[in-house]
Amino acid sequence: MLKKLLMFLNDTAHVFTSELKEPFLDAGALLMFIIAMIAYPVAYSIGYVKETVRDIPVAVVDMDHTALSRQYSRMADATEQVKILCKSGSLNEAEQLFYSGKVDGIVLIPDKFEKNVLSGKQTNITVYCDAGHLLLYKQVFAANSYASGMLNAGIVVRNLMAKGKSMNQSLVTREPLEVETYNLFNPSGGYGTFVVPSILLIVIQQTLVIGIGLLFGKNYEKRKNKHFIEMLSRMGRSVSIVVGKSFAYIFVYLFTTLFLLGFFYRWLHFPDKNSFLEVYYLLIPFLFAVAFMGIAIGVLFRKRVQPLLFIVFISPTVYFLSGASWPVQALPGLLRGISYILPTTPMIDAFFKLRICGADLHSLSFEWNMLCIQMIVYFALACLAIKFGLKDKPLSETESDGVTVETK
Amino acid sequence: MRHLLGRVINRELGRMLKERTFFFITFLGPLFAFFIVSWIFSSGVPRDLPVAVVDLDHTSLSRKVAQMVDATSIAAVDRSYISLEEARIALKEGKADAVIYIPKDAEKDILKGQNAKIALYLNNANVITGGLLNSGIRKAIATLSAGISLHSHLQSGETENQAISKVLPVQLRSVLLFNPFTSYAYFLTILLLPVMLTVFTLFGTIYAVGTELQYGTGKDWLGTSDNNITIALVGKILPYTFFYCLVAVFMNLDFFYVLGLPLKGSIFTILISELLLILSYQSMAIVLITLTKNLRLALSLASAYTMLAITYAGFTFPFMAMPEIGWIFSRIFPIVYWVQIFVGQSVRTEPIANGISQMYYLWGFIILGFLFIPRLKYLLKNEKYWGKI
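Residue numbers (this note's numbering), protein chains in the order written: chain A, 1 to 408; chain B, 1001 to 1389.
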């Protein structure tokens, strides 16, 4: 019995050591396992390093030309979100600037603006912005609502004080209910902080799955599965193969993820409210779930290029399914359910709560359990796939897809 | 000439029928991708995000605040939280996206003529929901506040119009151009569907040309066109251009009929730009395969090339806020120019001339591909480069 167990462990260790070399022997796998893991995040982050959009150019169309209208322009200009690029005489002119892309918003101050305010009639300011670009729209609108709020407050308080109320009384009459907003977890509203952590986790999942698929494709193409198939004749060896292979890949990924989620993450100054040790608590079941999933899928591949052709296009959808960017409440229920076949779904959720919001580990039990369930299910699937799906290329099949003989 | 072209096309169609991979990259894959993307964004705007209200006041005013917030489409109020601490933990754990804290004696303070402060805590880790909740909740409470203020003005014997202008002398109106629903979904689909189209166009063309190198069938291929590389290439690529144009037609149907995007400009310009987009990516496929001489490496680079375009299209995050190098980097993706044309023509009603000037860039990519043709011919004839995947 003990001897059998030892032999089993020996086989597992053998798979592990031989598989550990594999990613380094194949240029394609190396590209996925190491180079892509570094190059992708760097390339993505460059776009987002500045985090927020400041000083968006807007045009002011001032039809009033009074002290009050100029005061409004100055107030808007003083916000960090927009900068008044120019004052144009007509709306037409401003529209030209807008279409040519020189400004991203137009503020229209109507005729008789000051006169109306002084005579106690309500007047308005119109902001035209490009809602086709939501980030720009949000900023232009925020700047103007701030400026108009300030302007209103000044006018109302001045009027009330003119009626003989004290400054304090006037402030209260103006706004009985005051709202103070606290932006937590990402106070500056940085877009990079919002996007990049999820991208890092998706890159980890996708490269690992594609990399594993690539190695399976290669083994099939080069008839290297013979050795494993022989091993399968002994009892429980599908477990040996799955464990040996997954440990080997995860071993490599422990280093790359340390770089990505440890050094790189800190280098970009993303919020980091828990120690890296706690990240590992999530990362370990995540990596296993992904590796087992990779093996279960990888067995199906007969060529090295297939994982690229079949998996890459899924990547952007993974991002929106994870719930980190596109809110879960806005996902169709069935799709949300389906998204739980992906390890990134619970992982990204848990990662945000842990590192960016600073939640405790015990509050992540749902996500952690989910990752463990995925790990177990994919382990079972991987073993079944290896046991029944691992094939060697038949010798008769010297032709590739019936086109011509392979030369190498 | 035409006879040769026909022979090459025939040969290519034969290859496509033999391998199921081709069926996937020209038909099944794009449709599946379109389906998933459209499904994700089918509900349009986020609604009913969980908002915790911690009410220590327990008065008609505090209930009114909760009601007003609940009435917005963005928020769904949960009033079961009894302490701020409890609510803040819920916020951390993602059970609530915002917390509204109404302190004790809020109503009393207002009746006394003092103002009451309501605190709003937002989970801004998601800047999209954070921003939507912020504006939604603030607007609801401001309306309530203005109502109270208006009431006191009316009580002092002013007419309603007078009172309104006293409460809010200057009203801010916003005119939303081009995206009347301010929907994030709407503008993400404009980007994601064509990204899917370009992924498959690039992959399909690389695979079609790359497999000739891999299997060493280049001579056979060239032989079909009597060693005329241009005819060989045109004949090979044409069937794919046709299939991807069909995919683009599907995309347009999805855009204008399913998603209901406005079509204010010229559909003709859009169709031409889509054809040029497809040709640009086919041309880049030739560049990639010729440079790498290796099918798999070309596909790996193609993955990066298409995926990175999502970030650098300047759609999710504007060019203006990117560092200089990011902006320069963005110029290498044909889809970046195409998005400008599409948005200009479909939603922005730009003059057609704007679209045409962007098309020159797409032509640039197409011409770039032509420059690599002689080199490709050399590779195809040289046994040394065969069999590499």
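It is possible that part of the hints are untrue.
Claimed, not checked - Pairs of lysine-lysine, DSBU-like flavour, derived with a Cα cap of 35 angstroms:
1. B:Lys1139 - A:Lys273
2. B:Lys1219 - B:Lys1139
3. A:Lys102 - B:Lys1381
4. A:Lys87 - A:Lys115
Unchecked claim - A few chain A residues that don't get close to chain B, going by computed Cβ distances all over 10 angstroms:
5. Ile38
6. Leu134
7. Lys138
8. Met161
9. Glu175
10. Ile314
11. Asp349
12. Val377
Derived from the structure by calculation, the hints contain no laboratory data. Idealized CB from N, CA, C, for every residue including glycine.
We went through each hint and held it up to the structure:
1. B:Lys1139 - A:Lys273: holds, 32 angstroms
2. B:Lys1219 - B:Lys1139: At roughly 70 angstroms apart (the allowed maximum being 35 angstroms), B:Lys1139 and B:Lys1219 break the hint.
3. A:Lys102 - B:Lys1381: Violated - the C-alpha atoms of B:Lys1381 and A:Lys102 are around 51 angstroms apart, more than 35 angstroms.
4. A:Lys87 - A:Lys115: Roughly 21 angstroms between the alpha carbons, so the hint for A:Lys87 and A:Lys115 holds.
5. Ile38: Since the minimum Cβ distance to chain B is about 12 angstroms, A:Ile38 lies beyond 10 angstroms and the statement holds.
6. Leu134: At roughly 6 angstroms from the nearest Cβ of chain B, A:Leu134 sits no farther out than 10 angstroms, so the non-interface label is violated.
7. Lys138: Violated, since 5 angstroms does not exceed 10 angstroms.
8. Met161: holds, 13 angstroms
9. Glu175: Violated, since 6 angstroms does not exceed 10 angstroms.
10. Ile314: Not fine: 8 angstroms to the nearest Cβ puts A:Ile314 too close to chain B.
11. Asp349: violated, 7 angstroms
12. Val377: Its Cβ never comes within 10 angstroms of chain B, the nearest being 22 angstroms, so this holds.
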